[in-house]
Amino acid sequence: SQQGEEDPQALSIQEGENATMNCSYKTSINNLQWYRQNSGRGLVHLILIRSNEREKHSGRLRVTLDTSKKSSSLLITASRAADTASYFCATDDSSYKLIFGSGTRLLVRP
Amino acid sequence: DTAVSQTPKYLVTQMGNDKSIKCEQNLGHDTMYWYKQDSKKFLKIMFSYNNKELIINETVPNRFSPKSPDKAHLNLHINSLELGDSAVYFCASSPQVSWEQYFGPGTRLTVT
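Sequence order for the protein chains is A and B.
Residue 84 in my numbering sits at position 42 of the first sequence, with consecutive numbering throughout.
Residue 46 in my numbering sits at position 45 of the second sequence, with consecutive numbering throughout.
Hint data in this document are derived by calculation from the structure and do not stem from the laboratory.
One thing to keep in mind: the hints can contain errors.
[Said to hold, decoys possible] If you want a taste of the chain B side facing chain A, the calculated C-beta under 8 Å gives, among others: (1) 49; (2) 53; (3) 54; (4) 99; (5) 104.
[As the list claims (entries may be wrong)] Partial list, computed: chain B residues near chain A (C-beta under 7 Å): (6) 16; (7) 17; (8) 20; (9) 46; (10) 47; (11) 56; (12) 61; (13) 91; (14) 101; (15) 105; (16) 107.
[Said to hold, decoys possible] Heads up, simulated DSBU-like pairs for lysine-lysine below, C-alpha to C-alpha not over 30 Å straight-line: (17) A:68 x B:41; (18) B:53 x B:72; (19) B:42 x A:111; (20) B:10 x B:42; (21) B:20 x A:68; (22) B:68 x A:111; (23) A:112 x B:53; (24) B:20 x B:42; (25) A:68 x B:10; (26) B:42 x A:68; (27) B:72 x B:45; (28) B:42 x A:98; (29) B:41 x A:111; (30) B:68 x B:20; (31) B:42 x B:72; (32) A:112 x B:37; (33) B:10 x B:41; (34) B:42 x B:23; (35) B:10 x B:68; (36) B:68 x B:53; (37) A:98 x B:68; (38) B:72 x A:112; (39) A:98 x A:68; (40) A:112 x B:45.
Nothing here was measured: the structure is a model prediction, and the numbers come from that model.
Beta carbons are placed, not taken as given, at the ideal position from N, Cα and C, and that holds for glycine.
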């Protein structure tokens, strides 16, 4: 079953704007990961945040985690056309497997 | 250098046939995975091997059988293919379980 649900399902913004995607999950987790998938390609790992962390940065990416609300957000600042892709959150609940969400399709218009 | 590679990239076959997809990683990782991504982009774990030992076997029909000859390879054999098997199959690897995963480019399987 799907653990995570991303919100929104689709997002269209202008180049230079910020993009925020949210992920909600159901069970306790060890860590939460964000991945990007360009059309017709494999997933690329972006960032991993552990359950005892609240915020993490990587370049133009900022991830937050609120374990009390069982939610996470991914912020992409100063978006570029090359950021156009689907973004997935994935949770690790100690069962040796990642459970992926349904994804957010991001379109960055030049 | 390709980190996680899969062959073939595209596979078109008829119902009832048997086919295999191969996966190799040159990252020295201990853990490898097979995922299925359906037409709605839902990605679901099928199998996982850690040091050649099967550690995840989700509710997958017996027609699907993974084989790991060594830590760097995880192949997927599918018997008696059905229309519903059409999907994109991704191989992935990670240094250890629960760490970040590195995905292959995917194999688009079409069963006619």
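Going through the hints against the structure:
1. Because the beta carbon of residue 49 of chain B sits about 6 Å from the nearest beta carbon in chain A, less than 8 Å, this interface hint is met.
2. At its closest, the beta carbon of residue 53 of chain B sits 15 Å from a beta carbon of chain A; the interface hint therefore is violated under the 8 Å criterion.
3. Interface hint at residue 54 of chain B: violated, since its Cβ lies 11 Å from the closest Cβ of chain A, which is beyond the 8 Å cut-off.
4. Given hint, residue 99 of chain B at the interface with chain A, holds; its Cβ is 5 Å from that chain's nearest Cβ, closer than 8 Å.
5. With a least beta-carbon distance of about 4 Å to chain A, the hint placing residue 104 of chain B at the interface is held under the 8 Å criterion.
6. Checking residue 16 of chain B against chain A: minimum C-beta separation of about 25 Å lies over 7 Å; hint violated.
7. For residue 17 of chain B, the shortest C-beta to C-beta distance to chain A is roughly 28 Å, which exceeds 7 Å, and the interface hint is violated.
8. Contact between residue 20 of chain B and chain A, as hinted, is not supported at the beta carbon level, the nearest pair being about 20 Å apart and thus beyond 7 Å.
9. Checking residue 46 of chain B against chain A by beta carbon gives a least distance of about 5 Å; that is within 7 Å, so the hint holds.
10. Against a cut-off of 7 Å between C-beta atoms, the interface hint on residue 47 of chain B is violated, since the closest Cβ of chain A lies about 10 Å away.
11. Interface hint at residue 56 of chain B: satisfied, since its Cβ lies 5 Å from the closest Cβ of chain A, which is below the 7 Å cut-off.
12. Nearest Cβ of chain A to the Cβ of residue 61 of chain B: about 13 Å, over the 7 Å cut. The hint is violated.
13. Annotation: interface hint on residue 91 of chain B holds; nearest CB of chain A at approximately 6 Å, less than 7 Å.
14. Given hint, residue 101 of chain B at the interface with chain A, holds; its Cβ is 4 Å from that chain's nearest Cβ, closer than 7 Å.
15. The interface hint given for residue 105 of chain B is met, as the beta carbon of that residue sits about 5 Å from the closest beta carbon of chain A, less than 7 Å.
16. Interface restraint check: residue 107 of chain B against chain A, minimum CB-CB distance 5 Å, threshold 7 Å, status holds.
17. Simply put, residue 68 of chain A and residue 41 of chain B have alpha-carbon atoms about 21 Å apart, close enough for the 30 Å limit, and the pair holds.
18. Using a Cα cut-off of 30 Å, the hinted pair residue 53 of chain B and residue 72 of chain B holds, with the two alpha carbons roughly 6 Å apart.
19. Using a Cα cut-off of 30 Å, the hinted pair residue 42 of chain B and residue 111 of chain A holds, with the two alpha carbons roughly 26 Å apart.
20. Between residue 10 of chain B and residue 42 of chain B, the direct Cα distance comes to roughly 17 Å. Compliance with the 30 Å bound is thereby established for this hinted pair.
21. A distance of roughly 36 Å separates the Cα atoms of residue 20 of chain B and residue 68 of chain A; the hinted pair therefore is violated under the 30 Å criterion.
22. Simply put, residue 68 of chain B and residue 111 of chain A have alpha-carbon atoms about 40 Å apart, too far for the 30 Å limit, and the pair is violated.
23. Proximity of residue 112 of chain A to residue 53 of chain B is assessed by CA-CA distance (about 34 Å); at most 30 Å being required, the pair is judged violated.
24. With a C-alpha separation of about 23 Å, the suggested pairing of residue 20 of chain B with residue 42 of chain B holds against the 30 Å cut-off.
25. A distance of roughly 34 Å separates the Cα atoms of residue 68 of chain A and residue 10 of chain B; the hinted pair therefore is violated under the 30 Å criterion.
26. Distance check on the hinted pair: residue 42 of chain B and residue 68 of chain A sit about 20 Å apart at the alpha-carbon level, within 30 Å; holds.
27. The suggested pairing of residue 72 of chain B with residue 45 of chain B holds, with an alpha-carbon distance near 22 Å, which does not exceed 30 Å.
28. For the given pair, residue 42 of chain B sits about 27 Å from residue 98 of chain A by alpha-carbon distance, which is consistent with the 30 Å threshold.
29. For the suggested pair residue 41 of chain B and residue 111 of chain A, the alpha carbons sit about 27 Å apart, so the restraint of at most 30 Å is met.
30. With a C-alpha separation of about 13 Å, the suggested pair residue 68 of chain B and residue 20 of chain B falls inside the 30 Å cut-off, and the hint holds.
31. With a C-alpha separation of about 28 Å, the suggested pair residue 42 of chain B and residue 72 of chain B falls inside the 30 Å cut-off, and the hint holds.
32. With a C-alpha separation of about 26 Å, the suggested pair residue 112 of chain A and residue 37 of chain B falls inside the 30 Å cut-off, and the hint holds.
33. With a C-alpha separation of about 19 Å, the suggested pair residue 10 of chain B and residue 41 of chain B falls inside the 30 Å cut-off, and the hint holds.
34. For the proposed pair residue 42 of chain B and residue 23 of chain B, the alpha carbon gap of about 22 Å is at most 30 Å, so the pair holds.
35. For a cut-off of 30 Å, the pair hint linking residue 10 of chain B to residue 68 of chain B stands: about 19 Å separates their Cα positions.
36. In summary, the hint linking residue 68 of chain B to residue 53 of chain B is supported, as the alpha carbons are separated by about 9 Å, within the 30 Å threshold.
37. For a cut-off of 30 Å, the pair hint linking residue 98 of chain A to residue 68 of chain B is broken: about 37 Å separates their Cα positions.
38. As the CA atoms of residue 72 of chain B and residue 112 of chain A are separated by approximately 35 Å, the hinted pair breaks the 30 Å bound.
39. Of the supplied pair hints, the one linking residue 98 of chain A and residue 68 of chain A holds, its CA atoms being roughly 21 Å apart against a limit of 30 Å.
40. For the hint linking residue 112 of chain A to residue 45 of chain B, the alpha-carbon distance of about 21 Å falls within 30 Å, and the restraint holds.
Figure legend: structure checked against the earlier numbered hints; hints not met, in rising order: 2, 3, 6, 7, 8, 10, 12, 21, 22, 23, 25, 37 and 38.
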